[in-house]
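Asker: Given next are the chains, with one letter for each unit.
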Amino acid sequence: MAELEQRGDRTPAPSKWEYASAPESREIVTLQDRYGLFVGGEFVEPRSDDYYRTIDPASEEPLAEIPQAGPEDVALAVSTAREAFEDGWSAATPAERAKYLYRIARILQERSREFAVLESLNGGKPIRESRDVDLPLAAAHFFYYAGWADKLEYAFPHRRPKPLGVAGQIIPWNFPLLMLAWKIAPALAAGNTVVLKPAETTPLSALLFCDVLRQAELPPGVVNIITGDGATGAALVKSDVDKIAFTGSTEVGKAIQRELAGTGKKLTLELGGKAANIIFDDCALDQAVEGIVNGIYFNQGHVCCAGSRLLVQESIYEPLIEKLKRRLTTLRVGDPLDKNTDVGAINSRQQLDKIEELVAAGKEEGAEIYQPPCRLPEKGYWFVPTVFTNVAQSYRIAQEEIFGPVLSVLTFRTPDEAVEKANNTPYGLSAGVWTEKGSRILWMAQRLEAGVIWANTYNRFDPASPFGGYKESGFGREGGRHGLEPYLAFDGAESVGG
Amino acid sequence: MAQAPALPTGFELPLEPRLPRIGSVDQVAVEARATDLSRRSIKRETKLFALDLAVRMMDLTTLEGADTPGKVAALASKAVRPDPSDASIPSVAAVCVYPNLVQTARERVGDSGVKVASVATAFPSGQSPTDLKVAEARRVVELGADEVDMVIDRGAFLAGRYAKVYDEIVQVKEAIGETHLKVILEVGELGTYDNVRRASLLAIAAGADFIKTSTGKLSSSATLPVTLVMLEAIRDVYEETGRRVGMKPAGGIRNAKQAVQTLVVVHETLGLDWLTPDLFRFGASSLLNDVLMQIRKQKTGSYQSPDYFTID
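Chains as they are written, first to last, in our numbering: chain B, 1 to 498; chain P, 1 to 312.
You can take every hint at face value.
Computed Cβ-Cβ distance ranges for the label pairs, DEER-style: (1) P/Leu218 with B/Glu314: 40 to 48 Å; (2) P/Leu272 with B/Ala455: 33 to 41 Å; (3) P/Thr192 with B/Pro373: 33 to 41 Å; (4) B/Pro377 with P/Gly160: 50 to 58 Å; (5) B/Arg375 with P/Ala135: 53 to 61 Å; (6) B/Asp353 with P/Thr192: 47 to 55 Å; (7) B/Glu314 with P/Ser38: 30 to 38 Å; (8) P/Gln304 with B/Asp150: 55 to 63 Å; (9) P/Ala66 with B/Ser25: 46 to 54 Å; (10) B/Cys374 with P/Gln27: 28 to 36 Å; (11) P/Leu272 with B/Ser25: 27 to 35 Å; (12) B/Arg214 with P/Ile311: 55 to 63 Å; (13) B/Pro377 with P/Pro69: 54 to 62 Å; (14) B/Leu31 with P/Leu272: 34 to 42 Å.
Derived by calculation from the structure, the hints in this document are not laboratory data.
These figures come from a predicted structure and were not determined experimentally.
Think of the CB as a built atom: it goes at the ideal place given N, C-alpha and C, for glycine as much as any other residue.
Please model the complete structure; the sequences and the hints are all you need to start from.
Answerer: Given below as structure tokens:
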């Protein structure tokens, strides 16, 4: 509510104008007390007889009990997927496969509000993002790959593409439903069956998605969803699948690669990142500030391609940082279900600890910290949007992936130096370039070692555009025609990069 | 006046205090940001506050060839007392009329505090000799205008003769002295956001108290991204020099929702200091009744027939 304050002879300006809360209703979501594993088109009780609680990270309230699938459960899910593959899905006409994908896409659109609310409830991300980004993109992915299902011969001419069999897929907690769509859509379009494990902390949208599969009348066993922690994931990696697709941390990715070495199973990894967002002095400054904010504070910085290392041309450093700090004061941190929230809750206690640990390290190493004045809710996991200036390339906050709303600012003098600093990292997932000069964008793009490079924008996604990393950010591509290849075998030749 | 140079030397005139760098505007990103801001959900007492503010910030406008003393008198009465059935509704900021109707408006608003604004400088095209424009501005002040809404010479601007545009604003400012000067950029004719930003900085450098989007005579006018670009120019000037310049979107804002969205953009770009009629105005004619209707909806919980709101 606003209050008026007299200032000399001026017309009074308000001393504050706080927006009334505008929460999206939770009522559209119906939660069960306890969920099962989705195997063979049915929810079944886990043989492990083991459950854990999933919570709302914004309030720490428990939402439901989730099965912790053991090795037996994993084996059952995989053998169910294998039967479904052999008993019909591999023989289904491509147009038939497309039909189901289109159905799923349309149902996701129809139920998008329900999914958006659930995604924010279980993951902590602002409803604005789950509504405007996660859900539209997830549906778009199914639409996109539905279109490829009967055109594989055209996608890979003279290579006779064939499905692999059973794909084991392990996804992270930052974009639970969207990552599910990235994984399931191309796998089904290519004719595989799937066993998918959502992240431990965010299983609910994947479990609601099972309902969509039944609504779409997808044949039982084609998609199976098993929940659990890293042990379940490890069991899935060891199981009798033909391919593993993993999105998550570089550490786990390396372990999976070691495990699969020599087994002949195909593997794609989409891992961490420490992307450079490079600001040249001729850029459109106010829009670059928006891009920086969107690059690092989008989804609380829980984004593998987040622009977490800001490289600013020294000539523009001061005004840019001033604008950035000012902009940070207008970020609204709080209830993820409030339509006016810009930054939501940190996904888990564990992640919050990690962020706090790295931020403490940054302070200790001598970086200057800026955090806007901000009132955080008492319960739940929160972290104030943070900027570190005066950061050296050698600091941990410039090297390690923080995966939180923390930006490290470094400077450069010339384009060559920008490239050198940007590439000086074990990661290589993404980068951003901000300049009005088209020729410089192309010059930079040729030299940056990153799978995705955004020019004068950041964190934009499209199903038609391949996404994936260089170096320790992983291999294989998701999205676009490239995204089909890891799910296909080709006659007479091994696929490239799969 | 000396022959204006063809080169854009307007920006290099010795200006004190210093101007911010001219810079550029990214069309895609600025439109995305405006869309984001337009999705803020403003409800209940927060909304009522914004609607009340919108009334106090309004320049109630009639700029028709067919304007008569009768029409303007009615409009001025409405400006003083927008809703006779609700005493809590404040007066609007000003009435905005053609020069010939300034006296009528002046008499009708009396000492109510409502200002009289007059357009000038060959409104809306600005295609007249400079001396005539300056004389016109001086004359409307003599006739009783508190505020002058001048148009820039878009022909000169688009031809790259920035110095001519600049000189004209300086001369008008000199001619009207302390009278409040709003400079209309007519963004619909400028073609790019880059030009909107340049024209904004040019007008501010030349002495504008307010910059204003449009004449209201074109279909493309005060869109949210244009408003944002102009507010960002104002912000840069403020940060660099401490000088506070006002902003007036005009044309195209027809309903209360757009007005609230615009106020959100002001709030999140310039902060609370600009949420006053001293520094922000809406130029509008049909907007007022929709705002009044929404205020009554907020207070009573239901919409009332348009017949309960006067048409002036």
